[in-house]
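Peer 1: Per our numbering, the sequence shown runs over residues 1 to 295.
Mixed in with the good hints, there may be bad ones.
Using 30 Å as the maximum straight-line C-alpha spacing, the simulated BS3-like pairs for lysine-lysine come out as follows [claimed, not checked]:
1. Lys60 with Lys93
2. Lys169 with Lys114
3. Lys147 with Lys93
4. Lys59 with Lys235
5. Lys273 with Lys235
6. Lys187 with Lys60
7. Lys98 with Lys169
8. Lys93 with Lys81
9. Lys147 with Lys187
10. Lys114 with Lys148
11. Lys59 with Lys114
12. Lys98 with Lys147
13. Lys93 with Lys187
14. Lys93 with Lys169
15. Lys256 with Lys13
16. Lys147 with Lys81
17. Lys81 with Lys221
18. Lys65 with Lys51
19. Lys61 with Lys93
20. Lys60 with Lys7
21. Lys61 with Lys235
22. Lys176 with Lys61
23. Lys147 with Lys59
24. Lys65 with Lys114
25. Lys187 with Lys13
26. Lys169 with Lys147
27. Lys98 with Lys61
28. Lys256 with Lys51
29. Lys187 with Lys235
30. Lys98 with Lys51
31. Lys235 with Lys147
32. Lys7 with Lys169
Hint data in this document are derived by calculation from the structure and do not stem from the laboratory.
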Amino acid sequence: MTFNYLKHSDIDKALWDQTVVEAPNGLVYGMSWYLDIVCPNWDALVTDGYKVVLPLPWKKKFGLKYIYHPWFAQQLGVFGKDTESIVWGNVLKSIPGKFIRYEFSFNHANTFAKALGQSRQNYLLPLNREYPALVRNYNENTRRNLKKAQKLGLSLDRGVAINEFIQFKWVHMETKMNENQRELYRKLLEQLIYRGIGQLTGVRDTLGTLLGAVCWVSFNKRITYLSAVSSPMGKELRVMTLLVDDLIHRYAGQDKIIDFEGSMLEGVARFYKGFGAIAEPYFRQHGTMIHRFTH
1 MTFNYLKHSD IDKALWDQTV VEAPNGLVYG MSWYLDIVCP NWDALVTDGY KVVLPLPWKK
61 KFGLKYIYHP WFAQQLGVFG KDTESIVWGN VLKSIPGKFI RYEFSFNHAN TFAKALGQSR
121 QNYLLPLNRE YPALVRNYNE NTRRNLKKAQ KLGLSLDRGV AINEFIQFKW VHMETKMNEN
181 QRELYRKLLE QLIYRGIGQL TGVRDTLGTL LGAVCWVSFN KRITYLSAVS SPMGKELRVM
241 TLLVDDLIHR YAGQDKIIDF EGSMLEGVAR FYKGFGAIAE PYFRQHGTMI HRFTH
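Turn these sequences into a full structure, and let the hints guide you.
Peer 2: Below, the structure written as structure tokens:
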């Protein structure tokens, strides 16, 4: 399999997006418009006819270019219908030496990556059973938190405004975004809503105060838990349990999967597993190519 390097301006984005949409491992993060937002500078490796594609997000520091993994894109890597025969060493040779180092977060289907680097855990919940069957798979703690939240007279809001969502996240998120990240985040949410694949859902108290909210993204058969945040009161009332259960209830019995995006934090992983989510590994790799540097 031969890869060709393309600068951003030379990429046929219609062909690119068609490949990602039709790929068994296609993810929303790999769509050209998504990449344009989260990493404005990205080049690519593609095979003939764009049958297999690999985005190369890059930045420049001290005049030197390097490939990095962008915010809000858990898994990238190689997308396409035929990724089983990929030899990663040959792919690396196709990356121009002007990139002095690289960092890749491969998608779950890039099996060649197992031997390359650090394993990470994602969590998935298939929704192809009816709601009562899915609820029976909740653990005891999740069912208890759900019952408590359901008795509080809280209301679901499936149309939280972007400005309110961003401000709420800005106030309550543990790791603060800088202004550039906040603007990038706004552009991403606007585009997701505009394209009809994003939904901002929240929980409010009896006074209408927002207690917690989540951004769901539907792409192909996958519904991604892209971003979520709760206020201190929302955490105490376990409103995120209510929000996840609401989505499960709405899509139960359909050929869809909730993608929780995973976490290496034990408490967060425990929350996902409480709904019956199962672990799916993906892999990251980083390295240097200084010995191949060219002007």
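Peer 1: State for each hint whether it applies.
Peer 2: Comparing the hints with the structure gives:
| no. | hint | result |
| --- | --- | --- |
| 1 | Lys60 with Lys93 | holds, 20 Å |
| 2 | Lys169 with Lys114 | violated, 34 Å |
| 3 | Lys147 with Lys93 | violated, 55 Å |
| 4 | Lys59 with Lys235 | violated, 37 Å |
| 5 | Lys273 with Lys235 | holds, 18 Å |
| 6 | Lys187 with Lys60 | holds, 22 Å |
| 7 | Lys98 with Lys169 | violated, 38 Å |
| 8 | Lys93 with Lys81 | holds, 22 Å |
| 9 | Lys147 with Lys187 | violated, 36 Å |
| 10 | Lys114 with Lys148 | violated, 42 Å |
| 11 | Lys59 with Lys114 | holds, 26 Å |
| 12 | Lys98 with Lys147 | violated, 57 Å |
| 13 | Lys93 with Lys187 | violated, 34 Å |
| 14 | Lys93 with Lys169 | violated, 41 Å |
| 15 | Lys256 with Lys13 | holds, 26 Å |
| 16 | Lys147 with Lys81 | violated, 43 Å |
| 17 | Lys81 with Lys221 | holds, 16 Å |
| 18 | Lys65 with Lys51 | holds, 27 Å |
| 19 | Lys61 with Lys93 | holds, 22 Å |
| 20 | Lys60 with Lys7 | holds, 15 Å |
| 21 | Lys61 with Lys235 | violated, 40 Å |
| 22 | Lys176 with Lys61 | holds, 23 Å |
| 23 | Lys147 with Lys59 | violated, 48 Å |
| 24 | Lys65 with Lys114 | holds, 26 Å |
| 25 | Lys187 with Lys13 | holds, 19 Å |
| 26 | Lys169 with Lys147 | holds, 26 Å |
| 27 | Lys98 with Lys61 | holds, 12 Å |
| 28 | Lys256 with Lys51 | holds, 25 Å |
| 29 | Lys187 with Lys235 | holds, 27 Å |
| 30 | Lys98 with Lys51 | holds, 25 Å |
| 31 | Lys235 with Lys147 | holds, 15 Å |
| 32 | Lys7 with Lys169 | violated, 35 Å |
Going down the numbered hints, you'll see the structure goes against 2, 3, 4, 7, 9, 10, 12, 13, 14, 16, 21, 23, 32, while the others check out.
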